[in-house]
Amino acid sequence: MPCIEASGLRKAFKNTIALDGVNLRVEDGRILGLIGPNGAGKTTALNAILGLTPYQGELRVLGRNPWTERDLLMRDVCFIADVAVLPRWIRVSQLLDYVAGVHPRFDRAKAEGFLTKTTIRRASKVRELSKGMVTQLHLALVMAIDARLLVLDEPTLGLDILYRKQFYDSLLNDYFDRSRTIVVTTHQVEEIQHVITDVMFMDRGRIVFSSSMEDFEARYLEVSVRPEQLAAARALRPIEERQAIGRSILLFDSVDRSQLSALGDVRTPSIADLFIAVVGDKPGHGAGQSPGAAR
Amino acid sequence: MNTMNTPPNAMPESSRDSEINDSQIVAPAVLAATRPFYWCLGRELWENRSIYIAPLAVAALILFGFMISTVHLPDKMRAASALDPMKQHEMIEQPYDFAELLLMGTYLIVAVFYCLDALHGERRDRSILFWKSLPVSDVTTVLSKASIPLLVLPLLTWTITVATQWIMLLLGSAVLLGSGQSAAPLWSHLPLFQMWMGLLYHLVVVHGFYFAPVYGWLLLVSGWARRMAFLWAGLPMLAIGFVEKIAFNTSYFANFLGSRLQAGDDAGALSAPGHGMDLPTVLNLAEFLISPGMLIGLAIFAAFLVASIRLRRYQGPI
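Listed in order, the protein sequences are those of chains A and B.
Quick note on numbering: numbering that gives the first Met the number 0 labels position 283 of the first sequence as 282, and the sequence is numbered without any gaps.
Quick note on numbering: numbering that gives the first Met the number 0 labels position 235 of the second sequence as 234, and the sequence is numbered without any gaps.
Any given hint could be a false lead.
Said to hold, decoys possible - Below are the EDC-like pairs computed for lysine to aspartate or glutamate, each with C-alpha atoms no more than 16 Å apart in a straight line: (1) A:LYS130 / A:ASP81; (2) B:LYS86 / B:ASP96; (3) A:LYS124 / B:GLU46; (4) A:LYS130 / B:ASP124; (5) A:LYS124 / A:ASP96; (6) A:LYS124 / B:ASP124; (7) B:LYS75 / B:GLU89; (8) A:LYS164 / A:GLU189; (9) A:LYS164 / A:GLU153.
If you're looking for bench data, these hints aren't it; they were derived computationally from the structure.
This is chain B alone, in the form it adopts within the complex:
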């Protein structure tokens, strides 16, 4: 029975010596403040591979469909040359606009599902206990999660859209040249630089910043709800709308939500007529960025983020 009670530190001298030497070699390195943030961002991409797989898959589908459609491209171009320039422009631009819209829609869907799981998944699988055992603050964690829909997704979507449209243009040109036609009308009717800058603005400023309170709300719900985060995110909105309608017979709240989700009248007023994603002038952009709609939205977003950070401090596994 005595063997049970041998002193706990009875380990071979040699192994203890090497242990001490090891720990002397390891001088604690000093980390830059941005390093944990960088690795947290990386961790989000490892965990949520749909962030880049979904838009890449959609881009592949678009290209596949476009490739099939190029069979008719020479005929279409021949027919188009008879039309007036406005109609011709519309016809040529259409598939490119469609690609843009599809990828933008993918961004929004991925963003919503990402946000609803961001602070929920780690509690559900108990891994929050592991993440919290590392010297990473709740602020860093929540900010890294919030920057996915706000910055990472718009920039990624932009890059993938640009690459997709570029490939479409090259494919179209090759087909036209192959059939003995000139590819010049294609190039002259596609103001690529303008389209891409307009898209960048639209993705970052409208779908990123202007939608920020939506993402903030979804993050907050995902950090708060024990289950069915999706339902909790939507039901209160419906409830407020119904109560307002029944109590006052008004629909300010519903209109407010609706205009926010349609990227707002403020954003719409910016765009040149005819095309929703044209490049705004610098003046218009500045005006939009400091418009009440934008500023109030960002303030609400900040409040939701602070609440999410505070919540994560209190929350453990579900």
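If we strip away everything but chain A, and leave its shape as in the complex, we get:
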């Protein structure tokens, strides 16, 4: 049974279509990065997965219908929506009491253990903590829950660089163990490139690209082409070309590495660059026409 399985997921708001027939399948033990511009439908998709919003179409999360079984589903699913959702009036000790009281899979000792590594005091109220500390607190709570799926929606929004780095480090070192699944959306694409195992691009309510990171690395190459080789490089039909400090950088899809290394320095492109090639500067593009469009 896949962790998340959706087919024909649709959701329309008054004037916009947030989800326009999304099909996706996330297997257990994957870390999926969901990338897309503002308004692409990422958060709506996550809300549907978490049972926070009704939808049309088929959706199963851990075998359950999230809209009708949210409270049961939440025994196995955790989510951090963004930094500012912990109630500001609550004390850290009360928060621990409450979660320990209502969550059957919460290990209080573990959460206390994570907190001792921080400067967060039990008697503090959430409103007295800095943004970074609130995130640390939320992460400590979530990591102490023995869940099967963790959903992160812009978890590091508004944090400084130190906290952001720390966030993903502790997630990988202290939490992820290959049996859990993580779905993360973020605009800080470069931060998660080395974290995720799968990547999906969303645009205008559709999934326009989907790949495992192994396939991504095998398939896409970026070459910093020497000017005299430019014509030869263009002949290999790059999917994207951009200029950087006097050099042309060309992005290739499924072109042999040895062939490319004759043209210049070859490397794996960043997700952000591929995202621009797939989704970016294509006004009015049809979602299905993008290279590598998933389904």
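For chain A, the structure is supplied; the task is to place chain B on it using the hints.
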């Protein structure tokens, strides 16, 4: 650039091992169904400390005022002994009744403000996203919130009133004894047990159950309104009343609301003459509990609750 693409799971073996051991130790405990409800109730008290601070503060004020008034108590008691027993009774009971009324009023004010914020505050500060990330159903959440005005506040108000009146009686007795008078008239004119049982009935049955549709309506509005819940709670009532008055020149709706808020004629008919909060007989109580006014009110309350629960499922942060 290659370092960017190292496999994501490259973490020290040792930390992975300890991780696996940890998760094996944590066997998922089974929770009793009532446990989430208990903790939700606790959470309401943490968040809305006015639930107990307001009546405690009022009780402290009452006691402070009473303490000052005891300066004149010996003179008053001496004057009272000349009056006929009925007047004497009234005079002695007056401060105790006043304390009761003040605390009851505090209960109603706290209940109204609590209800109007109960399902609004968590959407306003976005914390609803956190509460919904925990395995607590909307039913449990809404029921725990509804039980604050319906059960917690009446019982708390009763306890605080009893304690306040008890302290007042002890204070009064001490002052009388200190001035060389007997405290016996004080005790004989205050049927404490009867007063307290009558108060318990009044708080739970009238201000709790009979007012339930009011609390239900306020909860529903707080879950529905994006802002100005207070206005949305009151305006429709005014509008219905005005439209009825203009269209039919009648005021059934206004009378209906008015009688409900005055605890109804049904409730009033129960009480013994002379004192609004005396203990009803068992028969009267049963009659009131199954009276149409009470049952219709509870049915409306239940409908409002179901709507609130459904609404919370759909609602996110504002």
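Status of the hints after comparison with the structure:
Of the pairs offered as hints, the one joining LYS130 of chain A and ASP81 of chain A holds, with about 11 Å between alpha carbons and a cut-off of 16 Å not exceeded. A hinted pair counts as satisfied when its Cα atoms are at most 16 Å apart, and LYS86 of chain B with ASP96 of chain B qualifies at roughly 15 Å. Under the criterion of a C-alpha separation no larger than 16 Å, the hint pairing LYS124 of chain A with GLU46 of chain B is consistent with the structure, at around 12 Å. At roughly 15 Å between alpha-carbon atoms, LYS130 of chain A and ASP124 of chain B fall within 16 Å of each other, so this suggested pair holds.
Proposed proximity of LYS124 of chain A and ASP96 of chain A is supported: the alpha carbons are some 14 Å apart, at most 16 Å. Among the hinted pairs, LYS124 of chain A with ASP124 of chain B is consistent with the structure: their alpha-carbon atoms are about 15 Å apart, no more than 16 Å. A threshold of 16 Å between alpha carbons decides the hint, and for LYS75 of chain B with GLU89 of chain B the separation of about 13 Å falls inside it, so the pair holds. Between LYS164 of chain A and GLU189 of chain A, the direct Cα distance comes to roughly 11 Å. Compliance with the 16 Å bound is thereby established for this hinted pair.
Between LYS164 of chain A and GLU153 of chain A the alpha-carbon distance is near 14 Å, which keeps this suggested pair within the 16 Å criterion.
In this structure, none of the earlier numbered hints is contradicted; all agree with it.
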